[in-house]
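These protein sequences, in sequence, are chains B and L.
In case it helps, the working numbering puts the first sequence at residues 1 to 370.
In case it helps, the working numbering puts the second sequence at residues 371 to 740.
Certain hints may be false.
[As the list claims (entries may be wrong)] Here are some of the chain B residues that sit facing chain L, going by a computed Cβ distance under 7 Å: (1) F57; (2) A211; (3) P250.
Hints listed in this document are in silico derivations from the structure and should not be mistaken for laboratory results.
We put the CB at the ideal spot given by N, CA and C, even for glycine.
There are 2 protein chains.
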Amino acid sequence: MADSSPIDDAPPPAAAEANATYDFSAAAGPLPTPVIARIAAACRNWRGCGSALSLPFTSEACRELMRDTRARMCRVLAIPGTHDVLFLQGGASAQFSLVPLNLLGQAGSAAYLISGYWSRRAMEEAGRYCNVRALDWNGASDWEAPWLDERRIAYLHVTSNETADGTQLRELPHARVPLAIDMTSDVFTRHLPWERIGVAYCAMQKAIGVAGLTLVVVRRDLLGRARAGVPCVFDYAAQSTNGSRVNTPPMFALFVAHAVLEWIDASGGLPAVSTALARRSRQLYKVIDSCASAFHADAPSAVRSPTSICFDLRDPHRARQFSDEAQRRGIAGLAGHSKTGGLRAANYIGTSDAAISRLCDLLADFAAPR
Amino acid sequence: MADSSPIDDAPPPAAAEANATYDFSAAAGPLPTPVIARIAAACRNWRGCGSALSLPFTSEACRELMRDTRARMCRVLAIPGTHDVLFLQGGASAQFSLVPLNLLGQAGSAAYLISGYWSRRAMEEAGRYCNVRALDWNGASDWEAPWLDERRIAYLHVTSNETADGTQLRELPHARVPLAIDMTSDVFTRHLPWERIGVAYCAMQKAIGVAGLTLVVVRRDLLGRARAGVPCVFDYAAQSTNGSRVNTPPMFALFVAHAVLEWIDASGGLPAVSTALARRSRQLYKVIDSCASAFHADAPSAVRSPTSICFDLRDPHRARQFSDEAQRRGIAGLAGHSKTGGLRAANYIGTSDAAISRLCDLLADFAAPR
Chain B
1 MADSSPIDDA PPPAAAEANA TYDFSAAAGP LPTPVIARIA AACRNWRGCG SALSLPFTSE
61 ACRELMRDTR ARMCRVLAIP GTHDVLFLQG GASAQFSLVP LNLLGQAGSA AYLISGYWSR
121 RAMEEAGRYC NVRALDWNGA SDWEAPWLDE RRIAYLHVTS NETADGTQLR ELPHARVPLA
181 IDMTSDVFTR HLPWERIGVA YCAMQKAIGV AGLTLVVVRR DLLGRARAGV PCVFDYAAQS
241 TNGSRVNTPP MFALFVAHAV LEWIDASGGL PAVSTALARR SRQLYKVIDS CASAFHADAP
301 SAVRSPTSIC FDLRDPHRAR QFSDEAQRRG IAGLAGHSKT GGLRAANYIG TSDAAISRLC
361 DLLADFAAPR
Chain L
371 MADSSPIDDA PPPAAAEANA TYDFSAAAGP LPTPVIARIA AACRNWRGCG SALSLPFTSE
431 ACRELMRDTR ARMCRVLAIP GTHDVLFLQG GASAQFSLVP LNLLGQAGSA AYLISGYWSR
491 RAMEEAGRYC NVRALDWNGA SDWEAPWLDE RRIAYLHVTS NETADGTQLR ELPHARVPLA
551 IDMTSDVFTR HLPWERIGVA YCAMQKAIGV AGLTLVVVRR DLLGRARAGV PCVFDYAAQS
611 TNGSRVNTPP MFALFVAHAV LEWIDASGGL PAVSTALARR SRQLYKVIDS CASAFHADAP
671 SAVRSPTSIC FDLRDPHRAR QFSDEAQRRG IAGLAGHSKT GGLRAANYIG TSDAAISRLC
731 DLLADFAAPR
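Chain B extracted, bound-state conformation (with noise of 0.2 Å):
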């Protein structure tokens, strides 16, 4: 199911570029201009069927374009038959109550691995739930900890980026328990150790597409031990029973994940995507390090999140002179958390070399001896 003209093939104009805003915000990725072109053509009309905006999910063609996003996804990050792809809504946040809600089965404790802002609020969710034990991430977990039991540990959570912090568990841990992963903010910069996952789950808009469409991998003996009360729709084996449309699926929200995952495809796949955002995160790191008189970027260069680019000024009382001059280069969305502030710019798989460079070139030039 492609469309028969390749989606990179209508480069923008360059002056449509030059002119661009370019929004570095965490909270919404860019979707790449080839995939913005074909969904505003469709929103008008696509493939005869009327807008794209008004697709009933009972029709044969969503069936097919909800069978077609499932293929693609679990070709793109190599899911292996053991775990199914669901499509569900309430983002990550919602996950943090459905992870326990669906995994706990008779466990009554699950692990947290505290790596910054996200997964405390996890954890914290998941307190509601069970007992939760919390893990610090110092490099050296035990993994072969006695308690560390699947008879009394349901799961491992770990937050695999920290937008907030501006860091990435590297490697994700080998535990005798299945471990879920919150992977909103990093889901496409890697291969993802399947035979570790008991469950993935990431909201849709940083990496792949519009808020309102959350991806949950699950692995599948893990169903069926929804605690009762759980919300139908938001029975992970329910769900998975009724190919995710137990209710109405968010439909725009996969088309749109569908056109990104065409534009992965044709841009090489998983590989290709990932190389290009590492390679950005490099440049970016680079010129931040190479003017330490004005900036400085305090992860350790171990775990720098290569999507959420965290820094800061060296001098506070130029914070406004820089963010003056973002503006009126087309650049916004550099304010980091609210929780932690300093500046921070997301790399996501839409982010392009172009808004990349225009950044860099602002880091340069604002530290440049005046």
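Got chain B; can you put chain L on it based on the hints?
What follows is chain L alone, placed relative to chain B:
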């Protein structure tokens, strides 16, 4: 917050209308053509903020969009200050659980008026959380019955329009307990008696946009009764306190809803769009009734739905001929609900006069003596 150009100033070329396929599926409503044009343009760039597909909910532009969407919704639906407007996710089916989870409080029971397929579905889901008492829809329910008392019955749930059955509750009950109303399929067809309403909810994909956004209008004095264990993002009180921003709101769906509300305002508000909708439904029922040799609509005329026009062929042997002829004329989505069968045409606020006229011509020509 209105764009300077009126939203309805660009009628599409007549040729485009003539070639369009009209989809009458109940699952998703069409958007008005000028709204589609505006959204397609905003996908490329919205007010210099970049693509409307990637709006970060943390930006001031998005905060203002949410504020204005809420304000327009209150104006169009005449929602009083006693009620708060929440923008959630999960659709009406999620509310089948979330209404009891949020509103039961100390009461152990809720009453459900059973008017068709979807009210039964709502009651079945609620039965997982409380005692449910079913009321038959016989037009003579005893709203003064001693048991229908707020100390014992938290709310009376009604499905104001039954899409599978083709019926609408013309008069909402006058009961001594607050009403909980699923108004997903007839939200903009009439003024609502807010003084009797505890909560009214609707998924947005029929009347006002794309799936993934759920409108919940709740009486403020009912907030704070949520059962322990309700996921934080589905706790009405938490979302009310936080302006529906506990988790990332589905910004693009909000953007679409806002564009439809602008169109409603520009079209003359609720009186104008509800009158136009009623006129279209009368036109269609009139043709069905006047073609009684070929078609029949079984819902009693006093409760016929203006939005879910259910009918059927007299001669089931002509079903293939009918569907072939519909397809030839660019008419899709006429299959009835899977549980009830027959034929059905949805007539939502975005349904055009041209679409209804084409359908009426099909019915009249099909019924004409050969």
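query: If you check each hint against the structure, which ones fail?
result: none
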